[in-house]
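Read off the chains here:
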Amino acid sequence: MKKVFCLVISVTMMLAMLTGCGAKKDTVTLTIWGDADNQAILEQAFTEINEAFEKEHPDIKLDYQYSGTFDTINVAVQSDSLPDLFWVQGNKSTKMAELARNGYILNLDSYDMDSTRYSQAAIDYATVDGSVYCSYPAFLDYATIYYNKEIFDALQISKPSDFGELVAAVETLAQNGYTPIALGGKGDFDRYWLIQVMAPALCADTMEQISGHGDVDFTSMEKMFDTYREWAEKGYMGKDFTSIDAVGAQLAFTNGEAGMIVDGTWNNQMYRELNFEVGSFAFPDENGTRYAQSGESNYTTYAVAAKTEHPEEAVEYLRFLNSQQAEQIMENYVGSIPSVKDLNIRDDSVKEHSEFDVVGANIYHVLSGVADETGKPQDVFLGEVLPKLMMSEITGKEAVAMIEEEMNKSSVR
Amino acid sequence: MIQRLRKKPYVWFLLPGFILYTIFIIYPIFAAGQLSLYHWNGIGDKVFVGFQNYVDLFTNKDLMSQMMNALKNSITIFVLTVCIAMPVQITMAYTIYSKARGGNYFQVAVFSPQFISTPVIVFIFTLIFDGNIGIVNKLLEMAGLGAFTRSWLGIPQYGIYIVWAMITWAGIGVGMMYFIGAMKMIERDSLESAYMEGAGFWKRLWYIILPQIKMTILNLVLVSYIVSMTIFDYSYILGGTSGGINRNVDVMSLFFYRMAFGDTNPLGGNISANSMGMGTTVACVLFLMIFVIALIQLLLVYRKED
Numbered sequence: 001m002k003k004v005f006c007l008v009i010s011v012t013m014m015l016a017m018l019t020g021c022g023a024k025k026d027t028v029t030l031t032i033w034g035d036a037d038n039q040a041i042l043e044q045a046f047t048e049i050n051e052a053f054e055k056e057h058p059d060i061k062l063d064y065q066y067s068g069t070f071d072t073i074n075v076a077v078q079s080d081s082l083p084d085l086f087w088v089q090g091n092k093s094t095k096m097a098e099l100a101r102n103g104y105i106l107n108l109d110s111y112d113m114d115s116t117r118y119s120q121a122a123i124d125y126a127t128v129d130g131s132v133y134c135s136y137p138a139f140l141d142y143a144t145i146y147y148n149k150e151i152f153d154a155l156q157i158s159k160p161s162d163f164g165e166l167v168a169a170v171e172t173l174a175q176n177g178y179t180p181i182a183l184g185g186k187g188d189f190d191r192y193w194l195i196q197v198m199a200p201a202l203c204a205d206t207m208e209q210i211s212g213h214g215d216v217d218f219t220s221m222e223k224m225f226d227t228y229r230e231w232a233e234k235g236y237m238g239k240d241f242t243s244i245d246a247v248g249a250q251l252a253f254t255n256g257e258a259g260m261i262v263d264g265t266w267n268n269q270m271y272r273e274l275n276f277e278v279g280s281f282a283f284p285d286e287n288g289t290r291y292a293q294s295g296e297s298n299y300t301t302y303a304v305a306a307k308t309e310h311p312e313e314a315v316e317y318l319r320f321l322n323s324q325q326a327e328q329i330m331e332n333y334v335g336s337i338p339s340v341k342d343l344n345i346r347d348d349s350v351k352e353h354s355e356f357d358v359v360g361a362n363i364y365h366v367l368s369g370v371a372d373e374t375g376k377p378q379d380v381f382l383g384e385v386l387p388k389l390m391m392s393e394i395t396g397k398e399a400v401a402m403i404e405e406e407m408n409k410s411s412v413r
Numbered sequence: 001m002i003q004r005l006r007k008k009p010y011v012w013f014l015l016p017g018f019i020l021y022t023i024f025i026i027y028p029i030f031a032a033g034q035l036s037l038y039h040w041n042g043i044g045d046k047v048f049v050g051f052q053n054y055v056d057l058f059t060n061k062d063l064m065s066q067m068m069n070a071l072k073n074s075i076t077i078f079v080l081t082v083c084i085a086m087p088v089q090i091t092m093a094y095t096i097y098s099k100a101r102g103g104n105y106f107q108v109a110v111f112s113p114q115f116i117s118t119p120v121i122v123f124i125f126t127l128i129f130d131g132n133i134g135i136v137n138k139l140l141e142m143a144g145l146g147a148f149t150r151s152w153l154g155i156p157q158y159g160i161y162i163v164w165a166m167i168t169w170a171g172i173g174v175g176m177m178y179f180i181g182a183m184k185m186i187e188r189d190s191l192e193s194a195y196m197e198g199a200g201f202w203k204r205l206w207y208i209i210l211p212q213i214k215m216t217i218l219n220l221v222l223v224s225y226i227v228s229m230t231i232f233d234y235s236y237i238l239g240g241t242s243g244g245i246n247r248n249v250d251v252m253s254l255f256f257y258r259m260a261f262g263d264t265n266p267l268g269g270n271i272s273a274n275s276m277g278m279g280t281t282v283a284c285v286l287f288l289m290i291f292v293i294a295l296i297q298l299l300l301v302y303r304k305e306d
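Protein chains in written order, with the numbering used here: chain P, 1 to 413; chain V, 1 to 306.
A few chain V residues facing chain P, derived, Cβ under 8 Å:
{"no.": "1", "residue": "I43"}
{"no.": "2", "residue": "G154"}
{"no.": "3", "residue": "I245"}
Bear in mind the hints are in silico, worked out from the structure with no lab data behind them. Idealized CB from N, CA, C, for every residue including glycine.
Turn these sequences into a full structure, and let the hints steer you where they fit.
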């Protein structure tokens with residue numbers, strides 16, 4: 001009996017050991033901070049992306065939180081409490097470069113991220129000092145003009161093919177009691193979008209000269225500022241547009257009070273779901289060339305904290321974000337303009353966003369490019385020039401003088 | 001040492017509070033003071049620059065102009081509060097103190113906005129004054145005055161007055177409660193004799209009540225000053241980090257926030273290399289502005305009590 005008992009115990013222990021040898025690896029949980037400001041746009045897409053990732057990697061669990069804002073990331077950096085992964089803006093700001101140079105984010109060079117599907121602009125976006133620090137962006141975003149097709153049809157206005165036709169459309173809308181272009185003038189960026197779409201079409205030469213750090217002829221920029229001021233004075237952006245924000249402008253457009261609105265392609269989904277037909281067009285110049293503005297989308301660009309305990313698993317998540325599968329999910333929900341060639345564009349509205357001839361410069365980035373600690377023309381442009389123009393406190397000539405004065409303070413120039 | 005402490009047992013009771021106060025109040029003040037001597041943006045190495053941040057703050061034309069504008073707006077809130085809100089608070093407190101009919105209901109109604117958070121208060125004002133959905137514009141349209149509809153909350157020229165109106169609506173009951181408390185400590189005899197002498201409702205307020213609550217008034221003037229210098233949320237919600245068009249709703253605390261945290265935006269751009277250094281410099285200047293006035297007020301109070 002004693003022998004039988006010993007045998008049973010021995011067999012049980014052996015089986016337990018064998019079971020232990022074949023046990024699954026410990027599950028790793030990655031904490032990820034998503035883009036809190038764009039949660040409404042991204043939530044469905046990331047829910048599906050994360051489910052697909054966890055299905056493919058059963059040993060990795062994701063704790064995905066919409067906690068990533070500029071402030072929370074700053075505080076986490078200062079308190080050394082960054083999550084395993086968090087969203088970054090790549091080379092759109094100097095932030096990722098600072099985090100990389102100070103050792104807060106993981107250098108991905110040794111992880112062999114596959115860049116073959118991406119454009120040089122996308123690779124540059126993810127690169128700091130020759131090393132890769134985040135997943136590659138797969139989409140483009142730019143500010144465009146959405147228009148109410150029903151109002152355009154009723155007034156027999158055709159989709160403007162050059163700047164002259166756009167001005168004529170604006171005047172026709174105003175004469176018929178519509179707000180031609182709804183714009184929120186209250187917030188820094190609300191009032192900025194119109195100038196962002198105008199700049200590549202109306203003052204590309206000035207921006208090129210600024211970027212070239214040489215002598216600058218501000219004539220075309222001055223003319224553009226005068227147009228902006230004139231449109232504001234004539235009420236083309238709506239009654240009291242200086243006192244409403246972007247949401248107020250969107251409300252004016254969705255209520256059918258405005259014929260057009262300047263907004264980002266990132267809001268495509270919202271306009272697609274309206275109860276009237278909405279079209280869009282890239283801002284045309286006098287010759288009919290249509291301009292988008294440079295800008296990689298940061299929806300799928302994430303960096304790994306250098307101090308993460310699970311670098312392999314975190315990089316695996318980045319690889320998944322850069323997979324065709326994850327990017328297609330993003331496209332299906334968000335409807336962005338893909339900058340990679342193997343994605344199926346979701347619908348005609350996205351195809352319409354792809355109808356531009358030139359990717360022009362982004363005026364804010366051009367001015368940021370010649371800024372330093374003492375001269376910040378981009379801040380003067382946003383905080384001083386645009387409000388004063390729309391309140392008719394300065395002319396185009398005075399506006400360029402303010403920008404030039406600030407540029408001259410900067411050592412970068 | 002222990003012997004001495006045994007002779008002064010109250011020290012043991014003070015000690016926990018003193019330790020907590022030191023950790024959470026005194027230390028952060030000194031830490032901010034120390035940070036203001038560095039060139040730093042929260043990432044990377046700190047570079048000691050002495051008082052250069054203070055020199056920059058007071059000599060840089062743009063920074064100085066922003067600070068003066070924010071200070072002007074903060075002072076506007078303070079002056080309006082003292083000159084308009086405070087007399088109204090005293091009058092309301094006196095009405096309740098005099099046991100006017102419905103006083104208790106009035107007291108609760110006026111104090112109740114204190115229980116509402118700032119975003120909700122702004123939302124309530126939006127429902128009333130918004131250009132698209134506000135009830136004021138709807139009433140104007142119904143009255144055939146559609147031409148006068150405006151987006152009232154965003155009119156740049158009225159920005160700081162709108163901020164003040166919201167602060168006052170939300171906080172008027174608090175000051176009123178202080179005044180009621182002070183009035184309840186006044187001997188009823190003096191009021192009754194004045195009444196017997198023929199002093200009316202307003203004369204009793206002017207000659208009997210006000211002289212006896214002047215220390216409370218002085219204290220609330222100081223509290224109003226501190227609030228106007230530290231208020232942040234209304235301006236941030238209405239005008240964003242930049243403080244509205246032409247910085248029309250900018251206030252001192254928002255100026256500090258913009259210096260310390262406000263250099264990031266949806267388009268990226270350059271991150272200030274000295275955001276923390278300059279931010280803490282503004283915070284220290286703000287602290288001194290409040291501290292000096294508070295000190296003067298305390299001296300006045302103690303001299304009066306002596």
